[in-house]
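Student: Each chain, letter by letter, is given below.
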Amino acid sequence: MRIKIVNLNKVYPGGKKALKDLNLEIEPGMFGLLGPNGAGKTTLMRIMTLLQSSTSGTIFFDDYDIAKDRKAIRSMLGYLPQDFRFFEKLKTWEFLDYGAGLAGIKGKQHRGEVVDEMLRKVGLFEVRDRWANKLSGGMKRRLGIAQAIIGNPKVIIVDEPTTGLDPEERIRFRNILSDISDKDSIIILSTHIVGDISSTCKKLALLNRGELKFEGSPDEMIDLARGKVWEIFVTDQEYEDIKEKYPIISTIPTDGGLEIQVVAENIEEYSHKAIEPNLEHAYVYYMDYLLKDKMNMQVEAIQENELFK
Amino acid sequence: MNIHNISTISRYETKLLRRSWLFRIFAVLSLLIIVFFQISLQSNIFGWYRWSMIAMPSSIPFVNIYLFNIAQSIIAIFLAGSFLKRDQKLDTAEVIYVRPMSNADYIVGKTWGIIRVFVSLNIIALVIAGFIHVFASDSPFAFFPYIFYLLTLSIPSLVFILGLSFVLMSLVRNQAVTFIIMLGFIGGTLLYLGGVEQGTFDFFALTVPNMFSEVLGHTNLTPYLTQRFTFLFVGMGLLSFTIAMVNRLPLHPRKNILLNGVGCIITIVGLGCGYLYYSTYHHIDNQRHLYSEKYQKYNTSDKVNLLNENITYSQNSKEIMVTAELTVQNRNHKTINTVLLYLNPSLKVEKLTSKGEDVSFERDAQVIVADYKLRPYEIAEFQISYKGTIDENICYLDITDEEYYDTQNGNSILRFGKNYAYVLDKFTLLTPECLWYPTTFPPVNPEAPYNIRKNFTTFSLKVYNPEERTVLSQGTFSQTGDTTSFASVDPLLGISLAIGDYEKKSITVDSVQIELYNFKGHDYFSKEFPNVSDTLADFLLDIKTEYEMRKGRKYPFPKFVLAETPVSYAGYVRNWKGNSEQLQPEIVFLPELAATLPRSDFKASIKRMKEWSRNDPRGGMTEDVNFEMNTIRDFIRSVFQSEETYQEEGNSFVNMFTSGWSGTSKLNKYDISSMYFNYANSIYSQDFPIIDIVINTMLKQEESNPMRRWWRMFSGMGDSQRASAYLNGKSFEQAVLDNSLSTEVFYEMMKLKGLYLRNYITSRISSEDFTKFMSDFSKKYKFQEVNFTRLNNEFIRKFHFNLMDFIPSWYTINTTPLFIVKRIDADEVTIDEYTKYMVHFQVYNPTNVDGIISVNVEQGGFRSGPRGGGRGRAAQMEANPPKNFVIGARSYKQIKILCDDRPSNLTINTNIAQNLPSDIMYNFPKVTTTTTDTTTGIFEGSSAAFAFNPKEIIVDNEDKGFRVIESNQKNTLQSLFKKEDEDKYKNLNFWSPPSKWTATVGTNYYGDYINSAMYKKSGSGNNQAEWNTQIQIPGFYEVFVYNSANMDRMMWRQGEQPKKYQYYIVKHDDGEEEVSIETGGRSPSGWVSLGSFYFSKGDTKVTLSDKGSEPRQFIIADAIKWVYTSNNK
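Residue numbers (this note's numbering), protein chains in the order written: chain A, 1 to 309; chain B, 1 to 1129.
Simulated from the structure, these hints should not be mistaken for laboratory data. Every residue gets a Cβ at the ideal spot worked out from N, C-alpha and C, and that includes glycine. Hints should not be assumed to be uniformly reliable.
[Claimed, not checked] On the chain B side, residues computed to face chain A include the following (Cβ under 7 Å):
#	residue
1	E94
2	V98
3	P100
4	M101
5	L249
Using the sequences and the accompanying hints, generate a full structural model.
Tutor: Right, dumping it as structure tokens:
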């Protein structure tokens, strides 16, 4: 299975361009879609899941074209949206059973077995008879991924899956995703939480303002930031000064001052040393220096989000 | 579409719906309401049911589905809006939408899920109804209607309302707006759309006849199913559009075009069904119009009289084959070249011969124009053979479309449908109305209904091979082989034929053979009367004798047949005829299982009577036979001997939510008086064609039901008052051609005019002489059509006065008089050592037309009322018939009447006058004065009694000085549905008095010639009534208020009542004073003093507050009087 995005454009009524000539190829395995809020990740995923149409361009799932072969493509898809809740008055197993039925699993008994197996897999078997909307946040996410993967879809699209989860649940969720990615399927993970991608994805793409800005492995992205991440020890007075000059990634108070990490092309003042970058550092470096795009896009993002609804 | 997907979606939609609290609450509430309604009105648990609500086996399932249908539609529109919204709101749709099902799978699955839940609930409701039906009701049980109504009534409505709601929700995308629009649509259908174009737009099918006859099955199957398919297909079409409008990419880009195309096709099929349904009635309209034109075309052609007709009838399924031999006579004074015959337009004439030779003829719809020359008074014989089916559209062409298409029985929700003739394997019914045999006079004149000729003919009828079925017709019955024959003893106005699977019961009463034919299995009544068989003949004889004494006629036919007909057999009482087609000479056609007849639930009647008897402290009847006989008597009186029958009317839903009095009296279709009068005699007048029916109506009148007459005095505008009001501006001649007048109002007008004619005659000759003359005349010319000139000539010979001196003005006068009556009193007078009483009063007719008053004095201290006194009053009136006095235009008269006994009540009936109510009543107190004047009769009166007296000023609620002050201007639901032509005066509404000042009339109120008052429910005091006047002579005046005898002390609210007060404020020279006056209960009626006050010259007023002393008290504003007492300050 391969996904090929060809010249994909999406213009919303009102003229807002959400995707601009996007070209991308996705191979089996876990694929990360990274980008700030409003970068076009959700639009891309909604087009991929056939929840909305593109303005031009297309996406191929192998040879299936989203403009023509919707039934075939839908039968390959599993999807977990970002803001996903449940019907009231459906039990955990029933919700999964509903999804399994729609995924084409026939026969009550067979479907029951598949559902139970899936519940065990995501650790929800014990709560199978609990109302789905009474589950905890982590359980709900697990149930969400369970319904997305039931029926063995070849493409699983997961939007911001770990937002709001505690570290334990986040790890548990990542592990579930990792288990699935062993098979010959594509898992597309859209997130702005860089840690999710660094720990699971072999490849990633960075979207910004509807355009593809980077495509490659996490290591390739990290390499770009090597020698650009610094650890500095500063006093409180210096800290105020340095905050104006560089993007600060972390701040740790110590005796007599602060130990901070910043991204910068070069640092000559202060007491500093270069440290080994991670994906988060690379992302910040990429956004602030290579794209010259500050991360304070909050206002625009809000506006975009409203358009997307 | 993928069945697996649909099934999955529907399964979970069902689950979600069943678990929704909203739905659960709805389900429980609906079931409770339906069960409560059915237990109350259709079970025998409380005994509140009406027989008409349970007589037919389909009644209980129909009512169940009828109510459920409305309830489910309301919740369905809510759910329809919420299911789309629910998915969108929770983002849940996205995980569903990415699944590989099609949009069609999704919407169909959702819809099917909702339908499954509602159908399950519907089945639960039906099972409960079935339990009530079998274990707690007397309704005969049939299973099929349960399935039929579920499939044809409930499901199409649900599909339609879901489709419409989905489409609307998809377009509007706002659940609240969708809900409100749909709720408005449902309300509009219930209150208005249902009645448009015979239910074409009524998706509930509430207005489409939909009941089963046990004999024939569904009474209106094809139109009903066509109507249901309309909404089923349109609903399915709308669902297709919904699929195309779902906010999800279709599986194939062009699929939405296909879906819209399919939606259009299905919707067009549905609309096509709707058009078929509509065109059924459109076709009827066209046919009725065509046939009316044909009658009109030949209206002025000379007709021949049909003397004799021998009919030979056979039937093959729905086709009849008839040969008729006719003997006709040309009674015109000139030769005619064509003989006109009238025959049902669907019957094809095969041959027309005379003396063995073919007669050439032309067919023009129902008219056969035969080329045959007949000289004056020449007689000819024709033989005519024809066959075919019966076109019912020829029937009742004179009936207005509104009435013709109205299928409602009162305000009942059960509609039985309307058929006017049947030619079926199971049942045949043919009456003269459908022209099943040739006649020479048209049976109806749609252009001028009263201008109709009655043709008495001697009939004979042979029916071949009825195949085990019983044949009913007029005349002497005989049977030879497989041929049943009837030969009429006397000439009749028409002949009817009924063939059915009947069983017969018969009894001879006073040499009249009484025969009862009910369909096999429909004898629900015999078991209720096990004890009457020995005494039944004598008992019926008593009833017959008493009735005939009251009518002054003997039953004119040798037999009296009661025959059951399918429940859909319909007819109308027509004033020009005096009866309905249910009533034929010798035969009354009764509805199936007596479903629509009053007092026909004999079991319940006997039970109720026994309960009353047990609870009667004076000790009631104990013998079963007495209960049974009383039940039979009540039935006969209500069904056959009553000219009117009470019927609730209006829109069932408006009535349910308003407190308006919506009942009315309808003319009784089964009143047998026409057998004694209209079917036995006929008087023809070319100039005054209505004279026949007026005389018959006049002759069959007896003193009206005393209870009803008494009630009418207090109950606003009755039909009689409406008729009287009509005649003050228009003439009787105009009324005859006025289609806008209701049957009932016109009937009252005929009664008034007939009575007026009688009163005019009996003001010159005695009532006994007139009655005897008419009785002798009727006997002499029984079963003949007689010219009015002959009647008048015989009248002149006997009484030496010419009716034609009066009748032209009686017919054309277009104003009415009014009478003001004053100084009613009685004195003792001694004549030949006997103490007698002289009743006298002054009457003034200020108008320019003469009028007649009829005066009746009740004697012996008897006080009339509704309880027990009715018969006594009727008996008194029989012994002392009212005295009639002509009061000339602008004349003052004094009337003096001598009574043997102490007078108790005086009733002055103003006949046709502007007086409201038409009766003036006076209760005499103890007589204390004496006189020596013994002259009686009518004398010149004094104008002084009627002159204005500045020392006694009266302001009535009808006067200019009176006004009401209303604070509450809001409209009620009832006022939204108020008819434009509603009467000014309303019935006194005891149970729910109006919140606004409302005018009412009654003899208990003060008035010159309109005895009226304004009344309302007690309020906070913000609404007032005000009497204003000008004082001309300053001084002390005693101020009186007219305290109207309140109904509650006379009728229902007897026993201990809390005292009630009304609060008046008198404005006088020293300020204002509030005076409370006790009202209702045991308070005195008439003028009651508010006190004595000093008034200077100028304006003054008395104000009545609506605050009252009790909640829901009546506040009545009538009249105030200022009486000058002295000038000492």
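Student: Indicate, hint by hint, whether the structure satisfies it.
Tutor: Each hint tested on the structure:
no.: 1; hint: E94; verdict: holds, 5 Å
no.: 2; hint: V98; verdict: holds, 4 Å
no.: 3; hint: P100; verdict: holds, 4 Å
no.: 4; hint: M101; verdict: holds, 6 Å
no.: 5; hint: L249; verdict: holds, 5 Å
In this structure, every one of the numbered hints holds.
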